[in-house]
Amino acid sequence: MVGETPPEGDANESILDALAMYGPDEPEQTDTEARVFTVANPPGSVAVSALMDGRISEIDLGPKAGELSEADLAEEIVVVAGLAARDAKSAQHAAMLDGMREQGHDDAATRDFLARDLGLPTPDEAHAERARVFATRYGGAGD
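Here the sequence shown stands for residues 1 to 143, where the numbers follow the numbering used here.
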């Protein structure tokens, strides 16, 4: 306000610095939150990274991406993103299955719950899907 004197303190300290102590604390990242799963197509034009919950965190385009039409590039990104999300969700499946085992839960019932109720693929299913897509789209490259 006009006529008020600034608060005492370091001359280089801004008001925002002084208010920072009242802001929300940064949440701590756990190992599972920080894990990223990346899939790149065999030609190297597209690489997509997904977080463990399947959300896409990054899309990288290689030099060969410029050789694709806009529609083909968009399709390639969607396909590779789907594979990256599936890989990430399969890791979530494995982590949850391990956690349930540690709690003494039945593996068959847990696997059924993870697949049917949560829609999480097993790591083997994710690998098989990647192999199938790569064989179909690229003639088996990158299995």
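Quick caveat, the hints were computed from the structure, so don't treat them as lab data.
One or more of the hints may lead you astray.
As the list claims (entries may be wrong) - Each computed SDA-like pair below joins lysine to any residue, with the alpha-carbon atoms no more than 20 Å apart:
| no. | residue 1 | residue 2 |
| --- | --- | --- |
| 1 | Lys64 | Ala109 |
| 2 | Lys64 | Tyr138 |
| 3 | Lys64 | Leu51 |
| 4 | Lys64 | Glu75 |
Said to hold, decoys possible - Here are the simulated distance ranges between beta carbons:
| no. | residue 1 | residue 2 | range |
| --- | --- | --- | --- |
| 5 | Ile59 | Gly139 | 22 to 28 Å |
| 6 | Ser69 | Leu118 | 18 to 24 Å |
| 7 | Glu102 | Asp124 | 18 to 24 Å |
Glycine included, every Cβ here is placed at the ideal spot set by N, Cα and C.
- Message: Going through the numbered hints above, which ones does this structure break? Give me the numbers in ascending order.
- Response: 1, 3, 6
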